[in-house]
Amino acid sequence: MNRQLAEIQLKKLFGFPHFHDLQWQVIDKLLSGMRVLFIEKTGFGKSLCFQFPATQLDGVTIVFSPLIALMRDQVRSMQDKGIRAAAINSNQERDENNNIIEQAQNNELDIVYIAPERMENAEWISASKEMKIAMIVIDEAHCISIWGQSFRPNYRRIVNLVKLLPKTFPVLATTATATPRVEQDIIDQVGSDLVPIRGRLLRSNIGLTVVKVQSQAEKMIWLGKVMDHLPKPGIVYTGTQADTDIFANWLQFLGIKSTAYNGRLDPESRKRIEESFMANEYEVIVSTNALGMGIDKSDIRFIIHTQIPQSPIHYYQEFGRAGRNGEKAHAILLYNPHVDLELPRAFIEGSKPSREKYNRVISAVKSALMGRNEVIKAVNLKQTQVSVILADLVDQGVVNEQVRGSSKKYFYNPQAPDFDFTKFNKLRAAQEQELSKMVEYVNLDSCRMGFLCEYLGDEPAHYCGICDNDRGKKVIVPSDPVFEEKVKTFLENFFPVLEVETSKSNLVNGIAASYYGVSNVGSAIKHCKYGGRGDFPDWLLRQTLRAYRKHFGSETFDLVLYVPPTESGDLVRNFAGKVARTLGFPISDGLVKSRPTEPQKIFESGLSKKDNVAGKFRFEKHEEIKGKSILLIDDIFDSGYTIKEIGQYLTNLGAEKIAPLVIARTVGGDI
Amino acid sequence: MKEAAEYTYWIAIAHLPKWTTDRINRLIVQIVHDKKMSLEEFFNLNAQGWTEIFSLTAKEIADLEFTKKDLPRLAFIAEQLQSEGFDLIPLNSPEYPTELKENLKVKSSPPLLYVKGRKGLLKEDAVAIVGSRKAGQKALDFTDHVAKKSVKESKVIVSGFAKGVDKQALDSTLEANGKSIIVLPQGILTFQSGFKKYYQPIINGDVLVLSTFFPKAGWDVGLAMARNAYIYGLAKEIYVAESDSKGGTWEGAMDGLKRKRSVYVRFPEKKEKNANLSLINLGGIAVDDWGEKIQDQSPANEIKKNGIDESISSDQEELTLEQKILAFLTKGPFTAKEITIGLKLDWDTKKVTTFLKKNPNVKMIEGKPTKFSRTDATTLTLF
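From first to last, the protein sequence lines are chains A and B.
Quick note: UniProt numbering has the first sequence finishing at residue 671, numbered continuously throughout.
Quick note: UniProt numbering has the second sequence finishing at residue 383, numbered continuously throughout.
Hint data in this document are derived by calculation from the structure and do not stem from the laboratory.
Be careful, since some hints might not be right.
[Unchecked claim] Looking from chain B toward chain A, a few residues come up when the C-beta cut is under 8 Å (computed):
hint	residue
1	Ile77
2	Glu84
3	Gly117
4	Lys119
5	Ile203
Idealized CB from N, CA, C, for every residue including glycine.
Next comes chain B alone, as it looks inside the complex (with noise of 0.2 Å):
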């Protein structure tokens, strides 16, 4: 960030209390792209400059005098970070990385990053290899694996710093000289000893470490879920070692899914416990030991065989169809009705909407009548 002073009001308006991330990023939005205000400018204006140029509700307003109050107090913490050579990285700066904006979008993109290493890690291609913390040791090596064949192809392993996979990821990307991204499930300034473990890489450029809680926010389990979709965010592939059927790498994986990401999936023996088979039936890209494509595996004789239910195979659908709307949607805004002509869907028009407002890369035009058009399409260059 050119301007130092802007720290502040940047970890105010990133952690405003109770806000969802989607507001606080299409607030942003509004005041550097559209306004073209600095967050300074922002907050010195009164409720009535909130009124009336940015149409705050009053609830709004009110979280925001209160955050202004708190301003001298988020000052001592930016001073302390930037005394102590953290840096801060801001949705709109170049150095956010694409790769995790485009993936997460408006809606779950983290307004502001705290890092410490060296950037220039967030610009390089990335794998995140996840998986569960007690994953046996199959799970294990297929991420040393993947790890060291990541590294041979000078990528950068993402991982989230918990036990089992994660730990695993990291020591073995450091182990074969690579460069490595830990994604923290706890603010920046609560990991004394691990930086004091990992000082060396770090100090080399081998590692980043990065945050994107309130610095002084202690490990929690809704932080480590939270960070789950950072660590996807920042990959351009994923690699599944072990995932239960609920929980974060379960969770992390669908939404990835969902996204139409390349998640791989490595294939279990017959007699192991987890999920990796739904994921893989989901759409995951199953993969051997070593993270090698499993080319003539046909998955769903594969599942049949294993006697996994069929209602998943719905879901196998909507991913084509949510890829066949949204393609139609690059040639611009569309009604339901449109759309449901236009690509000669079976479902009816009321269905087509329902489906159309709960997904995230669709983004509703209010008006009449109601058209939809792709999220990333009208995303402002922010984005």
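Isolated chain A, as found in the complex (with noise of 0.2 Å):
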């Protein structure tokens, strides 16, 4: 087919006139059955390069994408064009999905999306072989690369199958940011017929922004203060999950509709969240890097970074979801040289497990064939730690995984090489890289997005025109006593929510008179439980109670519980007495153990934590419990695995109500 015909049948099932003539590259060559990685910003119309030829050629084109919203988007858009598209995900119901395999094994479908973690469900594995299939695209392909920044271990499995596809069969794999070096290993992994073809990554409608800062407070002040001025919707991203709580609290604080998310919420609220943000019901959306996969939003207008990024492509890669609609936006990193760095640099040394760890997980995987929830109890390493470990031993070809139905076990390779340690070694000198590279764009003085593009190996030399250094405009923090007053007022009265409410339990959220390792919270308690120093402060206690008339306002409790003591003596007890004396409830010293526990922050896993608090809590008289509502306390809150198990026995016995109180939660929490 040439282009002429070509672009006849453009206008006729899409209304285009013309391809850009990138993209009739990419299309020519897929139709003469070749294999294409072709490297292009967003919004440029990478989609189309296989969508068009998915309606030309004979069978269904299979989609490998990890994006649910933007697979949902694009079927919807081309199911109104009249092409026969459909998208197989978890967010569907079985039988919506079943009919979608059928009609695709019938020849009644020219495209399916897919989620890359498919390819290791045995019904899918099943379902796909008879299929007849015209031609594979791996949307996202960066996550096939570990020097990307977001590899993916499910990729690999679609990486061994087109391998072992006929050499004839036309693949194109798609990103929108890869550096020369993951260019290079796709290319490796995919095989050298895979003709790479590179766009152009500058993005002219994106105003790139530092803002060095001296502190936590003057983040949280220059925040505040840009919010007047910002376009929005826009997303703030921050470090850690404690962060996304506090700033986002910070912005309600100022009257600025928005909300948390992080990797922390279940599903249903994250759902909620990204439903209400593409609703625009949200101004601002604070999160860790768990938002951005599962979002197409084309008009969002700011992207504030608090925390330095691990790497120049995570950077490109989060602040271009900005200006998709191509109207102007801003990306600003806010950037405390003091502190900044630790973050990222305990990512990078923390992001490969011992070796000691591996070992457990290797003599456990040598011992019965298990899935992966029984590796974990096995080991007791934490969840993410196992799936590193396992992902890793996976790719080494020390362990198979096998999968059946709906279980996946792990079948150790009887001729598995030596695991090679030295290639974490290159991964670690290559993160450190990578970040110095971050640092260096920080104390830039050129443009911006040139460096950027650059280094994701576009062309030298771009002047965008709209960065701070392009513009010749430092951004800097002035001092503002009003702000600063602000910024007090709010942490003082800033308490962490525990939410713990289940529709199985009556627990309902409690709250927490601080973080763990934010305040001086932390170390008094740490001081109190294991240097002997005697109960904890009256401080403690007025912030405790300050936590509680904030969160529970004039609301009444029938009856005071604590958590029964580890290992910490009485002080919990005295802390909960003084509470309910000061309040004025009652309070019961009828919850004990049933039979001892480990102390929680032994088991690093939330399996093997569940485990030890499953059934060990007693309360003898059950008339005390019945149609009441509690009060329960206790001094830290981290996986909150006690609480549930408390807040669950607790129900059995007609509780009506159990409300946790607790002095600090933990930053990081369990998972």
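Both chains are sitting in their own frames, so use the hints and assemble them into the complex.
Put into structure tokens, the structure is as follows:
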């Protein structure tokens, strides 16, 4: 098919008169059975490069894409044009997915979008074998490479599949961000017949700015002040989950419609927030990097980072979510040179578990054919660490995954090579180098967009004309006593909420007096608990009571209970007694342990923590609980499993309401 | 296999629908050996290329066209196999067991092996212990003894993962810390419960699971019969614990005898109702309950005592006749007449010709006059 004929079809099917030259270059190659890696910025029209061939090829085109929201939008718009498109994903009902699979098998679809993790789903694997497949598309192809910003182990199987397909079978890999190194890695993995085609990366409508600050308070002040001037909606990216909570509350305090988003939220809440954001019900979402892959909103006007990203690719990818509709947008990075490198460095250090932990997992998978959760319990490591280790072991061929039905088992390879730890050192060195590139970016005097594009493999010597350097405008944070006072007031009245509500128990969300690591509360608790300094000091009591009043107002409780201690003697009992006396509620010592528990902190994974406390609590006089509202007190809230276990137990005894009140919640939490 | 990309094509060619193993293997030899092509290059040819280079028939080309369209689907299966750590060993791989190739020849060597476990086991001396699913205690004890004896001699025990003798062979081997090859009567992807049960011995390198069938094929009586040949083929020595006068064990043993394999048959007690004695009469080597050769046993006398009819003994004669002919053919190809004269046979030339045509170890060379040669003598280096 020549370009002229293709453009007639294009007009008929999609309503566009012409292809961009680069689009046609890609399409032409695909139609003649070639394999292409297409690196082109967001908003260019990469999708047309596979959507159009999909309508022309005999059979169904499979698009692997990790972005469910993006899938949804593209499918809808193609269906509107009468193109036979559908998506299979975990958000849909089983029947709906099965229906789509059947249509694909009957050759009734031109294009099917699926999530990469489907390649690990036995049902899909067997279903796909019955399809007549015309072309494979790998969206977000940078996920193939560990040198990319978001390596995903489940892309490995797509790569394997592509390698095993006939060479004359068209394959398109697309990404908006790939450094030359990532590009080479993708080609090395997929095969040398993958032809790279690279577009320009310059995002001419995004103005880049760096603001240097001296403290967290300055970040809050500057953020608060700039909100009046910035067009909305926008996203504020933070480095930690606790910071999403603090910054979102700070913006709310200033009267801005905002909310926190992070990996700690349950899937329903996340979906609700995403949808509200799409519908412009929030002006600002404050999020960790958990938000992004699932969101495709074209009118985001600013992206502010309160924490320096790990690498220029991360940064380009994250701010790239702004201004997709072509309107002017801002990308602002707040940077505190004194402390801000600690977090990414810790992340780089901690991204690979120790050698000893790898060996622990290896001996576990040698002992029996196990699934992931069984491995986690067997080795007592954090879920995330076990997942990283298993992915690495699979990557190096030490174990193989076997999927049957919905379960995945890890099969040790009897001919396993020794695990190669030297790969980690290389990876670490590369990550450190990328972080130093980010520091270079912060300290830049020349065009910021030009610097990033060049680093990402685009042609050098850009001049965007709209970054702070090009405009000759360094942004500084002037002192502002009014705002400083506001921040102080806010912090004094900010208390972390404990989200423990579920439909199964009568637990309600509770409150903590502070985050453990953020104020001096943590060290005060530590001194008393482990340093033998006696009861918790009165100022902790006062702050806890203020948290109580802010959260519960004048609400009253029938009974105060406290979590029976594992190792800290009467500290919590005495503290709960003082709270109860001050508030004027009766207190009971009746909640006890039926069997001893280990301190939760020795267990690394949520699964083991849950097991440690399951069924361990008892309250003799059931009649004292039935129909009562209960205030449940503890010193530290970490994973929340203890509170949830007691909440469930008391619910079963007939308690009407159980509200947790603690002195501090940890920053990281489990998982 | 060095080139993982070839996996898909090997699966395609190994299971060409309704093609005989012989035909498939000859085509593979032609592609890989004669034309020095990769399977990928072969599949990239069109009908014209297949006709011109490989002289394929229209029917064969239609089959290949069909399979070619099926390649993406086979790629998914290849990917699953690879991802789940199964190894594919094609006919031309140095990892392909020599014993199997020598025993089954082009005619019936499976073109592609699917395995899980330590592949090194395929290179070690192997003993097959075979017998009925409903074997009696005598046979099971015999199996136990032979398995443990073979383990002591550092031999690998091959069995078929059926009830009775097969299961006993595997369990006794593992009990004695020996090594075993399980030859599946099904596709390797349908063996999940077995992988769970024998996980430890597999990952320790003591058990290798092997299948020759399409990976997703479920258990089937036809496959179970077919796999017996592979069990015999993998082993240097074959021990028959208990055989009926028909069925897989019998046919496998007969096949082995025809191929002049060492088939050791447990000498049965008088009251036993099985065909062990018939096998011994047909050339099986009688062994006692411990698998030791019975030295002073004259099978013929014993048979006469037991009243087995003598018609079988003509088979016996043929076996030795075959040996004579094969030995003669090692000198080169000859016509039927030359063989008759050379060996001073009291058959007429026509009977010799018929005999030669039926024999799997003898190959006919077209031409005038028609000559015969040994299959293995002219077998290409692939074999």
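A closest beta-carbon separation below 8 Å is what the hint needs, so does B:Lys119 meet it against chain A? Result: holds, 7 Å to nearest chain A Cβ.
Given B:Gly117 as an interface hint, is the shortest Cβ-Cβ distance to chain A below 8 Å? holds (6 Å)
Supplied contact hint for B:Ile77, tested at 8 Å Cβ to chain A: holds (6 Å)
Hold the hint about B:Ile203 up to the distance rule: shortest CB distance to chain A must be less than 8 Å. holds (4 Å)
B:Glu84 was flagged as interface toward chain A. Is the shortest Cβ-Cβ separation under 8 Å? Holds. Min distance 5 Å.
In summary, this structure violates none of the numbered hints.
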